[in-house]
Structures are given as structure tokens and as C-alpha cells.
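> If you want the building blocks of each chain, they are given just below.
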Amino acid sequence: MVNPTMKTNFKRIYIGVLVVLLALSFLLPVLSMAKNDNIDKNNKNSENGSKNAGINNAFCLRVENWVERVDQNLTRNQEKIADKQEERLQNMEEKKLQREEKLAEHREKWEQNREEQYTKLESKAQTDVQKQAIVEFKQAVEAAISARKEDVDAAISAFRTGLDQLINNRKTATENAKNAYRNTYQVAVQKAKDDCAAGVDANQVRTTFMAALKAGKDKYNSDRQAIEKISTKTLVETRQTAFKKALDDFKAAMQAAKDKLRAAFLTTEED
Amino acid sequence: MNEQDLEKNLSQLKNIRPSVKLVDKIILDYNKSVKGRISFNKLISNQIHNPMTKWKILIPVVAIALVIVIFGISELNLFDNGDNLAKVQDVSKEMLPIPETTGNIDDVVEAILTFSENEGILMSEEIADANLLTADSQEINDFGQSYNENEF
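These protein sequence lines are chains A and B, in that order.
According to the numbering used here, the residues represented by the first sequence are 1 to 271, in order.
According to the numbering used here, the residues represented by the second sequence are 1001 to 1152, in order.
No false leads were slipped in.
Once the Cα atoms are required to be at most 25 Å apart in a straight line, the calculated SDA-like pairs of lysine to any residue come out as:
{"no.": "1", "chain 1": "A", "residue 1": "Lys233", "chain 2": "B", "residue 2": "Leu1122"}
{"no.": "2", "chain 1": "A", "residue 1": "Lys149", "chain 2": "B", "residue 2": "Ile1121"}
{"no.": "3", "chain 1": "A", "residue 1": "Lys149", "chain 2": "B", "residue 2": "Leu1096"}
{"no.": "4", "chain 1": "A", "residue 1": "Lys149", "chain 2": "A", "residue 2": "Val135"}
{"no.": "5", "chain 1": "A", "residue 1": "Lys124", "chain 2": "B", "residue 2": "Glu1110"}
{"no.": "6", "chain 1": "A", "residue 1": "Lys219", "chain 2": "A", "residue 2": "Asn169"}
{"no.": "7", "chain 1": "A", "residue 1": "Lys217", "chain 2": "B", "residue 2": "Thr1134"}
{"no.": "8", "chain 1": "A", "residue 1": "Lys109", "chain 2": "A", "residue 2": "Glu94"}
{"no.": "9", "chain 1": "A", "residue 1": "Lys95", "chain 2": "B", "residue 2": "Glu1094"}
{"no.": "10", "chain 1": "A", "residue 1": "Lys102", "chain 2": "A", "residue 2": "Leu235"}
{"no.": "11", "chain 1": "A", "residue 1": "Lys109", "chain 2": "B", "residue 2": "Ile1121"}
{"no.": "12", "chain 1": "B", "residue 1": "Lys1093", "chain 2": "A", "residue 2": "Glu111"}
{"no.": "13", "chain 1": "A", "residue 1": "Lys96", "chain 2": "A", "residue 2": "Ser146"}
{"no.": "14", "chain 1": "A", "residue 1": "Lys102", "chain 2": "B", "residue 2": "Ala1130"}
{"no.": "15", "chain 1": "A", "residue 1": "Lys245", "chain 2": "B", "residue 2": "Leu1122"}
Simulated from the structure, these hints should not be mistaken for laboratory data.
Given the structure is predicted, the values throughout are model-derived calculations rather than measurements.
Could you build the full structure based on these sequences and the hints that come with them?
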């Protein structure tokens, strides 16, 4: 039989061994990497054999790490734009469907109400002339409503098409701006790497690199400002004008129909 | 054994904590002797030996409830950040009242014109869709900040 004290001791030893193994598994790769880094640094320094080469090496290593981070930023920010654009499309589609539904519902109510109005109006007609005048009134109203519907639907359609076009224009302009920005960045990075490898003076490499990146950013900002200038102002104004004209035409048609009907009722009442 | 001796013995037992198995056994035997009653042996023994039990149950329950609440809030967009562009504003309050159906010519025409104006009000909200054009402005701006050339 195993003594309980011995059992406890075995447990402790076992845990201790595990802890040591775990610690080594973390430490060994770090130590190995540190050693390799030192070997690399020593080799490079000895190859260049100058202080300038050492500075270049430090700068180039920094660029390498920086590029890795910037690449991640570019990818992430690119995805954010794409997500937002997708969200915009979905929102527009949802809104469009909801509005179409509401509009259809409204027009149905309007039609029902008109039927009630016509019925009530017909109940007041006492002569054939009045009855005929009501028939003509109904025809005039329905024609005016139909014309108005066509005008309004055309204005809505033109607005939506125009907005889709502007969104596409903006998307294309954004894509171009992003590509130019990314391209300038990649060219600048490649040049810095090439200059580093060629042993060009570190300060010069750094200055050229920074200038190229700044130029890329300035260009992007300029492109971005141009993108923001893509405006919906004209589109909205056109839509408003079309809606106003449709309503004005409709009002005029309704006034004419009303006058004619009233005249028929007045004439028969006078007779 | 007289009453005083019994009290003395019981007072000595106060500080003795029986094992879970023993308590289970005592309660089980008791339950057997009183057939038909609900057995609370496990519950009682757990309460005696493990006062933290309720916390062990409560904490995960609260944590799960919190996760469900947070998930629900995020899914239902209960925190409106103004970016929920899919909502169509309710313009029903702006709608003009429809005149009653009287059969009077003026009222008939007025009702038809009011429906026409209301249609315009209903569709006026669509103008707000134009604002969607710039919905990605912040993201486009952020893309231009992907690097800082002055880090060197």
C-alpha cells in the first residue's frame, strides 16, 4: 500500500515538473528568437561594417513592422467602407419597399373614399343633366388622378434612379481614391526597402519615404473632398419641382371639373 | 440520563459537523420512516454543508441573463445611435384630415385634393434618402488615416 504522505509528495513533484515544463515551453522559443536576432544583427553589422549600415538596418526593420501594422489598418478600414456601403444599399431597399407599401395603401384608401364621395354625390342628382354632369365629373377626376399618378411615379422613379447613380459615382470615386492611396503607399514602401538594401543613407531614405507617404495622403484628402462634393441638391430640387407641378396640374384639373359640375347643378336648379 | 445530562451532551454536539454522507443517511432513514412525504434530504444536506451553493447557481444565472439582455439590446437596436437608417419616419401626424363625405361638390373636391396633398406628404420623407449618399463619409475619412507618415 502507498503511504498517504508519499502520495502527497508524488503529487507535489508531479505538479512541480509540469510547472517547469510549461515555463520552459514559453521561455525556450523566446530565448531562441533572441539568439537568432542577435546572430542576424551581428551578421548584418559585420557585413556592412559601418555605423550607417546599422542605422539603415534599424530603420528598415522599423519599416517592416510598421508596414505590417499599416496593411492591417488598410484592410480593416477597407472592410468598414464596404460594410457601410452594403448597409446603405440594404437600408435604401428596405425604405423603398416600406414606402411603396404605404403609398399603395394610401392610394387604396383614396380610391375607396372617392367611391363613397361619388355615391353621395349621385344621391343628390335629381335630373338627367345632373346625373350626366356627375358621370363627366367622375371621368375628369379619374383622368386627372391618373395623370397625376403617372407624374408622381415618374418623379419618384427619376429621383431613385438619380440617387442610385450618384451613389455609384461616389462608390467609383471612392474606389479610385483608395486605389491611388494604397498604390502610393506600396510604391513608397518598396522604394524604401530597395534603398535600404542598396545601402542608401538612412536619413535620405527616411525623408523620401515620408514625403511620398505625405503626397499620397494629400492626394487622398483632395480626392475625398471631391467625393464629398457629389451632391444630391439638384436631384432633390428636380423631384420637388416635379411633385409641385403634378400637384398644380391636378389642382387645375380638379378646379375645371368642379366648375363644370357646379355649372350643371346651378343651371338645372335655375330651370 | 437525566435532563441536565442530556442538555450538556447536546451543547457539546453543537460544534460537531457531520459528514455529508452521514447527514444524507440520517435524512434518508427519516424519510423512509415517514412515507409519502417529499424527500428534501439532498437539499437539506447541501444547505448544511455548502452555504455557497446558492451563489454558485446565482452567478451563472445572472451572467447568462446579462448576456441574453445585451444580445437582445444589440439585436433589436434598442440603443438608437441615429445610424439606423432603415426606419421610415412616421408622417401620419403631418397628414391633413379628410373632409367628411357630405355629397356637397366643394367637400367632394376638397377630399380628393386632400388625399392628393397627403400623398405628397407621405412621399416627402423620401427626400431624406438623399442623406444616405454620405453615409460612408466617416469610413472614407478613416481610410485616409490608415497610416501616419510622421511616425518615423
